[in-house]
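All chains, please: the whole structure from these sequences, using the hints.
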Amino acid sequence: MIKSELIQRIADENPHLYQRDVERIVGTVFDQIIEAMAEGNRVELRGFGAFSVKKRDARIGRNPRTGEAVPVEQKFVPFFKTGKLLRDRLNDED
Amino acid sequence: MSESTLTRMDLAEAVFREVGLSRNESAELVESVLRHISDALAGGESVKISSFGTFNVRTKSARMGRNPKTGEEVPISPRRVLTFRPSHLMKERVDAGNKR
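Residue numbers (the working numbering), protein chains in the order written: chain U, 1 to 94; chain H, 1001 to 1100.
Errors might be hidden in some of the hints.
[Unchecked claim] Cut-off 30 Å, straight-line C-alpha distance, at most; resulting in silico cross-link-like pairs (DSSO-like, lysine-lysine): (1) H:LYS1069 x U:LYS84; (2) H:LYS1048 x U:LYS81; (3) U:LYS3 x H:LYS1069.
If you are wondering where the hints come from, they were derived from the structure by calculation, not from laboratory data.
Printed below as a string of structure tokens:
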């Protein structure tokens, strides 16, 4: 499923809404999640999962082609942990 | 870095501000976004949200594990796990925002 299909499924269930409003609603949800993480916050959606930010320390990396040592800056990466309910659903619906 | 946690309620509030719907309906729509994603994943479908990221369902085969307390060998049944791969945009915004 891609974003446009997600929007379509929600639009089909909500015939009283304009398609463009459904697009804004779906866009807002994803944008807010990114925005929260960009501010260093967690996003906890019980039953679905949690988005958080992990810090990766600066390190000395290596250019795999030349073997040369290169400094890698500290960075912050997004992380998702699946919620219990969703994890269980993945394994009992077959 | 002000540590706080965003929840369904905050997402519903953002939808409420963005579109002229009731708070109640805004909350229901947030729920239906999560429900449709979960349903697709539970059905084994992957979910790709451009400029956000991709949720993939991976199948892990059966293997032998060990009870770390007793050292006893226990079989681990085959299972499906979810992985999330953030988009470039998400990675960039999260990294840039936290470095500030």
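Now for the hints, and whether the structure bears them out:
Distance check on the hinted pair: H:LYS1069 and U:LYS84 sit about 24 Å apart at the alpha-carbon level, within 30 Å; holds. For the hint linking H:LYS1048 to U:LYS81, the alpha-carbon distance of about 17 Å falls within 30 Å, and the restraint holds. A threshold of 30 Å between alpha carbons decides the hint, and for U:LYS3 with H:LYS1069 the separation of about 45 Å lies outside it, so the pair is violated.
This entry does not satisfy hint 3, going by the numbered hints stated previously; all others are met.
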